[in-house]
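2 protein chains.
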Amino acid sequence: MEKKVIIVGAGLVGSLWAVYMQKAGYKVTIYERRPDIREAEISAGKSINLALSNRGWKALRNAGVEEEVRKIAIPMPGRIMHDLDGELTYQPYGKKDEAIYSVSRGHLNAIMMDIAENKGHAKIHYKHQCLDANLNEGIVKLKNLNNGEVFEDQADLVFAADGAFSAVRYNAMQKVDRFNYSQFYIEDGYKELLLPADENGNYQLEKNALHIWPRGRFMLIALPNEDGSFTCTLFMPYDNHEYAFNDLTSDEKIDQFFKTVFPDFHSLMPNLIENWHQHPLSSLSIVRCYPWTMGKFALMGDSCHATVPFYGQGMNAGFEDCSVMWELFQKHQNWADTFKAYQTTRKPDGDALQDLSLHNYYVMRDHVANEDFLLQKKIEAKLHEKHPDKWIPLYSQVTFSHIPYSKAIAQGKKQDLIMKEILKDPAIKENWDSEEIEEKILAQL
Amino acid sequence: MEKKVIIVGAGLVGSLWAVYMQKAGYKVTIYERRPDIREAEISAGKSINLALSNRGWKALRNAGVEEEVRKIAIPMPGRIMHDLDGELTYQPYGKKDEAIYSVSRGHLNAIMMDIAENKGHAKIHYKHQCLDANLNEGIVKLKNLNNGEVFEDQADLVFAADGAFSAVRYNAMQKVDRFNYSQFYIEDGYKELLLPADENGNYQLEKNALHIWPRGRFMLIALPNEDGSFTCTLFMPYDNHEYAFNDLTSDEKIDQFFKTVFPDFHSLMPNLIENWHQHPLSSLSIVRCYPWTMGKFALMGDSCHATVPFYGQGMNAGFEDCSVMWELFQKHQNWADTFKAYQTTRKPDGDALQDLSLHNYYVMRDHVANEDFLLQKKIEAKLHEKHPDKWIPLYSQVTFSHIPYSKAIAQGKKQDLIMKEILKDPAIKENWDSEEIEEKILAQL
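Chains as they are written, first to last, in this note's numbering: chain F, 1 to 445; chain R, 1 to 445.
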């Protein structure tokens, strides 16, 4: 009899995992709560653009679906900081050929669903809500939202890739004794704005870069879309700060806010107020839990490690769950051991990913505008270029390598201590490029 | 029209709060998921005995129901430690007239239900499960488990005193955007045993004490019941330690375990194995969340700050929620401001209570067997006796005062730093009682 797998959620991770499970010889059924987004109108600027990087590419490549995604990905080899006077500072993310890639979540998800159907031979049932689960029996209780019918389906394995508000986790796992769980919202929310192409259809900002307006306690960012527009996102506290969403209570205040703190952006952005009201204010949370597997069920992606978006690693980590799970299954050749190894090795990486993401908000909104920070980056980039085996900057470990997140964060802390000492040198601005400094750093490794 | 309040949960806190709300002029309706425990057989040894102390007494006194509870409370002015050889060490909890009081949870809850009905004029509906809530409208959706009927009830205010697994919190609050929530299970579980009275109906251990068998990583405790028996509780890791529940896989191993680590208890305890199998192994968790109030709803007791039982403060904190909420209502005279003040002032105390409770597990299972710890306690007791305005030991602040938990924990940390220095004096065992030491301590305050 053919082995059967149920995947809950036809998002990015669920769709990709379908391809892997087809390779493993399983018949794949996917249940997705929402309607088929491919039949709805997809706006490229509808949600935070995603930054695809090496971990994500590897997982796509291993499933043989890299090329389809390459077509819609816009390389961003560095970030451009916009100061209050509209002055720009460019900082490369990594070495010459390294880049992160802007992709629209909606467009990517549509492609991934095609891939799940065509390469994963998956049957996707839309508008099917998960109501409950029997974890040990591999049973999912579902409601067909088209007709209200409630029914059960059963499989040899069930993967819950149903996002930060996972129904499987909430309805079944959270009720199990000794399941650790936390949902934590940061003080800040976000709101999107769409900066359109100019009248000739051209990009109004440099296309191949991630733009940041770092303002200390808050920031605006912009990522390029394929059509010449940019998806921009304002991250800011809800309240209790000099600038806060809940204080922008009138159109006048909103306009004044942008004019004051993002003057160059304000001058490029038509219909700012209309645009402001078209997009909701959304919250940002971290979800942690353990265990990640129970009986025949495993959580993947946001359902087990939802994070804030500041390292651009949420999707990449979810895709990496697929390649990690796959490698472990190749090694163990049975799912009981694979599940065990998956959660024990991968949980520390999920925690590290979240710590990295939280920390990178400070980096993006504040440090990138800081001379010392940029100098440190330059020194580290040079070391990395000359001694790639001895020094990989934390950002490169996270973004361009496959070093486990937990290892990267530990190495990054060590490197940061070394660099803090080096930057204390009163002549560092002059001699940062010297042999002496290089040797001093290498001696501490 | 008469104002109406719904209380979800007829446990200790819900029942007491009914009396307060009746005083405030409300008609009180209570919905309780379980059957009426007064109609079921109540075993005094069925659940962890509770240690009632000053915070709890004050809340009972303010509601005019102290006397009913006094009748079933057994004073425990100190703890008695049992070492491996059966040697006993006594340590008073506070000053001469201070004590904590052993009460059976089942018996106390039955009394509190009587009080809710008689003094609170509450109508208690048993076997009614909360399915959902409309927080802003004050609506509770309920299922009558007697006949399966589902219906809604509405009130001016709703208080959820429905415990660590609060249905109001799970079904309604946890789904609200930006609700912070965590459930965290410690590595250890617990199992109860009932040490019966001897053949003449007498207590086999000193009645007026809390007994502890501290064994470093685990411990056994015993609290007196009214009938000559003791409710005993073994706290121990589930696994991965020298002694662990999951390793006690046979009756022989269980018997050998008690014989080895609790020999004096083993010799007193008849039918150990039968008793062992009569009681389940239960987990221990900390639940944190915020906000505690939403719309017309407020959480009280375990539903907002469930804790591990090691400081004997879970019930006392829940009762104190009642007196705090009441005092705030007296002050503000409206519920909107009362709710706001309740959650902002009380949340840090809930967090402190949980930190204190977690920490006291180390104290009970390990430090109480330690000479330095007992010496420190002696020095602090003397200081407290002579300078009650200048030095209140942490245990006394928590147990015998009404100092907010958050303030107590902060003061306790300061005191602990001072005492750590004092104990470094190589002659401290001889001169602990000297004027010099006393002055040295007071000088640091």
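Please keep in mind that the hints were generated in silico from the structure rather than gathered at the bench.
Among the clues, some could well be false.
Across the chosen pairs, the derived CB separations fall in these ranges [as the list claims (entries may be wrong)]:
| id | chain 1 | residue 1 | chain 2 | residue 2 | range |
| --- | --- | --- | --- | --- | --- |
| 1 | F | Asn246 | R | Asp433 | 58 to 64 Å |
| 2 | F | Gly216 | R | Lys331 | 35 to 41 Å |
| 3 | R | Arg217 | F | Lys429 | 28 to 34 Å |
| 4 | R | Glu187 | F | His121 | 39 to 45 Å |
| 5 | R | Gln444 | F | Leu423 | 55 to 61 Å |
This one's a predicted model, so the numbers in the text were calculated from it and none came from an experiment.
Glycine is no exception: its CB is placed at the ideal position from the N, C-alpha and C atoms.
Does the structure break any of the earlier hints, and which numbers would those be?
3 and 5
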